[in-house]
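Between the sequences and the hints, there should be enough to build the whole structure, so can you do that?
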Amino acid sequence: MAEEGPFTDISGKPISLECQNYTPFCREFTVSSPKVSLLKVMGYTCSVWLLAYAVFFLTENTTVLSSAIMVTLVGMILHIHFVKVDQETLLIIGSLGIQLSSLYASGRESTTFIEMSKIKDIVINEAIYMQSIIYYLCILIKDPSEPDGVASVVPLFQVRISSTVYTQINCFPIGMVPVVSCLSAPKSLILLTVLFCRD
Amino acid sequence: MVLKIFFPKCCNTADSGLLVGRWIPGQDSAVVLAVIHYPFIPGQVKKYLTQMRSQTKVDLTVLGSWSMPKDGQEGMDSFLKDLSTIFPHSRWLQLSRESGKRAFTCRVVQENGKPAAKKDGDDNDDDDDDKDKIIFVHYDQRKVMLSQLHPVQEQKGSEEESTELRTMFQTVAQSEPLFFHDMYDEGPLKLTHWQSEGREASIIVELVKQASVPVCIVLTWLLSVWHWLCSFRIFHVWPVQFISSKLSTCVQTGYRTDHFQTVFSTRKATTHMEFMRKANIFVSFLVDIALGLLLISWLYRENRISQLANTLVPAADHVAKELQELLEWLMGAPAGLKMNRALDQVLGRFFLYHIHLWISYIRLMSPFIEMILWYVGLTACLGLTFALSVLSDIVALLTFHIYCFYVYGARLYYLKIYGLSSLWRLFRGKKWNVLRQRVDSCSYDLDQLFIGTLLFTILLFLLPTTALYYLVFTLLRLVVVMFQGLIHLSVDFINSFPLFAMGLRLCRPYRVAEGVKFQVLSEEPGTPLHLRMEINPLKFSSVLQCYRTPTYSCYPKDSWVALCKKLFIGELVYPWRQKSTKTD
Numbered sequence: 001m002a003e004e005g006p007f008t009d010i011s012g013k014p015i016s017l018e019c020q021n022y023t024p025f026c027r028e029f030t031v032s033s034p035k036v037s038l039l040k041v042m043g044y045t046c047s048v049w050l051l052a053y054a055v056f057f058l059t060e061n062t063t064v065l066s067s068a069i070m071v072t073l074v075g076m077i078l079h080i081h082f083v084k085v086d087q088e089t090l091l092i093i094g095s096l097g098i099q100l101s102s103l104y105a106s107g108r109e110s111t112t113f114i115e116m117s118k119i120k121d122i123v124i125n126e127a128i129y130m131q132s133i134i135y136y137l138c139i140l141i142k143d144p145s146e147p148d149g150v151a152s153v154v155p156l157f158q159v160r161i162s163s164t165v166y167t168q169i170n171c172f173p174i175g176m177v178p179v180v181s182c183l184s185a186p187k188s189l190i191l192l193t194v195l196f197c198r199d
Numbered sequence: 001m002v003l004k005i006f007f008p009k010c011c012n013t014a015d016s017g018l019l020v021g022r023w024i025p026g027q028d029s030a031v032v033l034a035v036i037h038y039p040f041i042p043g044q045v046k047k048y049l050t051q052m053r054s055q056t057k058v059d060l061t062v063l064g065s066w067s068m069p070k071d072g073q074e075g076m077d078s079f080l081k082d083l084s085t086i087f088p089h090s091r092w093l094q095l096s097r098e099s100g101k102r103a104f105t106c107r108v109v110q111e112n113g114k115p116a117a118k119k120d121g122d123d124n125d126d127d128d129d130d131k132d133k134i135i136f137v138h139y140d141q142r143k144v145m146l147s148q149l150h151p152v153q154e155q156k157g158s159e160e161e162s163t164e165l166r167t168m169f170q171t172v173a174q175s176e177p178l179f180f181h182d183m184y185d186e187g188p189l190k191l192t193h194w195q196s197e198g199r200e201a202s203i204i205v206e207l208v209k210q211a212s213v214p215v216c217i218v219l220t221w222l223l224s225v226w227h228w229l230c231s232f233r234i235f236h237v238w239p240v241q242f243i244s245s246k247l248s249t250c251v252q253t254g255y256r257t258d259h260f261q262t263v264f265s266t267r268k269a270t271t272h273m274e275f276m277r278k279a280n281i282f283v284s285f286l287v288d289i290a291l292g293l294l295l296i297s298w299l300y301r302e303n304r305i306s307q308l309a310n311t312l313v314p315a316a317d318h319v320a321k322e323l324q325e326l327l328e329w330l331m332g333a334p335a336g337l338k339m340n341r342a343l344d345q346v347l348g349r350f351f352l353y354h355i356h357l358w359i360s361y362i363r364l365m366s367p368f369i370e371m372i373l374w375y376v377g378l379t380a381c382l383g384l385t386f387a388l389s390v391l392s393d394i395v396a397l398l399t400f401h402i403y404c405f406y407v408y409g410a411r412l413y414y415l416k417i418y419g420l421s422s423l424w425r426l427f428r429g430k431k432w433n434v435l436r437q438r439v440d441s442c443s444y445d446l447d448q449l450f451i452g453t454l455l456f457t458i459l460l461f462l463l464p465t466t467a468l469y470y471l472v473f474t475l476l477r478l479v480v481v482m483f484q485g486l487i488h489l490s491v492d493f494i495n496s497f498p499l500f501a502m503g504l505r506l507c508r509p510y511r512v513a514e515g516v517k518f519q520v521l522s523e524e525p526g527t528p529l530h531l532r533m534e535i536n537p538l539k540f541s542s543v544l545q546c547y548r549t550p551t552y553s554c555y556p557k558d559s560w561v562a563l564c565k566k567l568f569i570g571e572l573v574y575p576w577r578q579k580s581t582k583t584d
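As they're listed, the protein sequences go chains V and G. Residues in the first sequence are numbered from 1 upward in steps of one, following the numbering used here. Residues in the second sequence are numbered from 1 upward in steps of one, following the numbering used here.
Derived from the structure by calculation, the hints contain no laboratory data. Yeah, the Cβ is synthetic: ideal placement off N, Cα and C, and Gly gets one too. Accuracy of the hints is not assured; some may be wrong.
[Unchecked claim] A few chain G positions that, by computed beta-carbon distances, are all more than 10 Å from chain V:
hint	residue
1	D59
2	S67
3	R91
4	V137
5	V213
6	A333
7	N340
8	V439
9	L471
10	G485
11	G515
12	P528
13	N536
[Claimed, not checked] Pairs of lysine-lysine residues, derived as DSBU-like cross-links and limited to a Cα-Cα distance of at most 35 Å, are as follows:
hint	chain 1	residue 1	chain 2	residue 2
14	G	K517	G	K268
15	V	K120	G	K143
16	V	K118	G	K539
Set out below in structure tokens:
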């Protein structure tokens, strides 16, 4: 019973979710953000350059113009390389592990693979962001020195998805133990059940 | 149970044969290391495996059979099935691949001959679970063999503590002797593994490896001679030792000789971290020398040394003049404050006389400065760090008078503050109890109180003058300290930056691995899952953190708050403190 329909992130921008089933124990979930809109880019650059031109008009110094150009270029490059996330992928391979991958707008891909033996649990955690509470999915990693402790918490999906995305996708009873424990669940939140082969 | 088979990419197109590898204990997975081709004699295979097992300390076994039928080899399949009876096994894998198809098929046979599919108990859709529950992970054998997973676990702990991936990496790395013979060699067995794709070796690398042994021996002998020279008694007399601990050049020399001992030792590096440290030290030393030679070539061209020497004396003169003007200003009414005339004159004349001495000393040295600079500049061929240390020492020597002024001013100020605080306690009828380290009440006699009050007033009214001198000289001293600190930081940076590790991360990123990444290969329906495993290299910041050479780094001894407190009281500050012992 998956909840269909357009998903949004916490700032209201539309995002899309895709699931791909390779085999019963290997699945991939992809969350994509909309691309950088051309209008916005043009708007920002125009405003920056108008401002620089105004300053140039007042001070008659050409370095203002060239520095404005440099700043815009460098800022845009840094934004698409480090900030703008195009797509995030979660690949779950039963009894091997979980792989998280983020694809940035400049094409850079940053991947982390967490082995099954290191994973303690997958939970939906809540956090206070500005004036509201958001929910995010995270993986708890075992502490090597303490068998019951938690070494670190890895939040999935940098793009902050709103609660309606966490929908129940599928739940196979055979040999697979869904391991999502919800720390707090308002009525509008439906759990994301992750395929988690603990063979 | 999901069975994971790590299959090397180089064996994808290998001819039919036997699979040799290892079952990872505790996990349901197998690592395939090589394929032994037909024709072979089973007895020879067993003998070879026993020999390899003792050589590599990895429990290699025959995992199963691999069949990739080519034209004219139709009878292979039945032959392959019979092989399972010859070699001892708990599970036998029958992998096969048809030409033209990309996916493999696999059958697992248990020891008792029955296929492993059926489980007891009625679970639905178990019949085709046999195919579905196998994952093939394709890995690049050469890269995995050469790579090192981080965080590096040096101690050979028990295998249960290692995770599956780490065990797999270790297996491939330790099986290096297995890869010496391949199918093109003359021998009883023909194997396919990564070397079959084309052996890579460089003559230069081999020659350098051979030549490095005698060179290391010679250099170690030279180092021992140097150590014998340094152990002379004359160098251990207290003044010499004290001065050499203050001069950064001597510290840097000692540090470098320690390094050489590590690098040029004839013992081969056994662990990964040792090897990386040796390589880092060696490469950074070479770069250091190269930069030093570059500096020399720039400095000695176009008579720059004499230009430098000619500007040095006027610069020193200029500094002395500025200081004199500063003192004259302090002796007058600086910033509108009214100073105590007598004390002002005394302090001012005292410092002016010092400056006069110093400037005469500089003038005395001026004819020799060019020659001294010329010879000192030659020491830069020992490395840029050396040149920077020498520069720092020269700056320290030239600004020695500022240091002296600072010490005089600070001591005077400290005494004043000390006296004031003690007499202030006398006012309130209290006393500092040295035994108990606390303030106690105390009843004073009338004459004690009278003298105390007098002294207190005197000290209080003389305080602004002393404080002003102290402030001025502390600021000057701090400027010099900042400059020296900058030089030391850059020396430290050159010393500790792991150039070899960074270069490795840039050029051969698979050697420093943080983890792995998987990609699903498009498969045909009905075949097991095929994944491609690639090595995820370490981030640059982690490389830096992991492989930094520990140095005698200069670090601020006190925090900002403690420093300010010390400055306020008048205690002497040495903001940059060098660690006397290296921490490994």
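Status of each hint after checking the structure:
1. Consistency note on D59 of chain G: stated as away from chain V, and its beta-carbon is indeed over 10 Å from all of that chain's, at 21 Å minimum.
2. Against the 10 Å criterion, S67 of chain G stays outside the reach of chain V, whose nearest CB is about 24 Å from its own CB.
3. Consistency note on R91 of chain G: stated as away from chain V, and its beta-carbon is indeed over 10 Å from all of that chain's, at 16 Å minimum.
4. Listed as a non-interface residue, V137 of chain G fails to keep its Cβ farther than 10 Å from every Cβ of chain V; the least gap is roughly 8 Å.
5. Against chain V, the non-interface label of V213 of chain G holds: every CB pair exceeds 10 Å, the least being about 40 Å.
6. Annotated as non-interface, A333 of chain G keeps its C-beta farther than 10 Å from every C-beta of chain V; the closest such distance is 41 Å.
7. Chain V leaves N340 of chain G outside its interface by the beta-carbon criterion, the shortest separation being 50 Å against a cut-off of 10 Å.
8. With 10 Å as the threshold on Cβ separation, the claim that V439 of chain G sits away from chain V holds: the shortest Cβ distance comes to roughly 47 Å.
9. In this structure L471 of chain G is separated from chain V by more than 10 Å, as the shortest Cβ-Cβ distance comes to about 38 Å.
10. Listed as a non-interface residue, G485 of chain G keeps its Cβ farther than 10 Å from every Cβ of chain V; the least gap is roughly 31 Å.
11. The claim that G515 of chain G lies off the interface is violated: its Cβ sits roughly 5 Å from the closest Cβ of chain V, which falls inside the 10 Å cut-off.
12. Distance to chain V contradicts P528 of chain G as a non-interface residue, since its nearest Cβ pair spans about 8 Å, not more than 10 Å.
13. The beta carbon of N536 of chain G is not kept farther than 10 Å from every beta carbon of chain V, the shortest such distance being approximately 6 Å.
14. For the hint pairing K517 of chain G with K268 of chain G, the CA-to-CA distance comes to about 33 Å; that is within 35 Å, so the pair holds.
15. As the CA atoms of K120 of chain V and K143 of chain G are separated by approximately 30 Å, the hinted pair is consistent with the 35 Å bound.
16. At roughly 21 Å between alpha-carbon atoms, K118 of chain V and K539 of chain G fall within 35 Å of each other, so this suggested pair holds.
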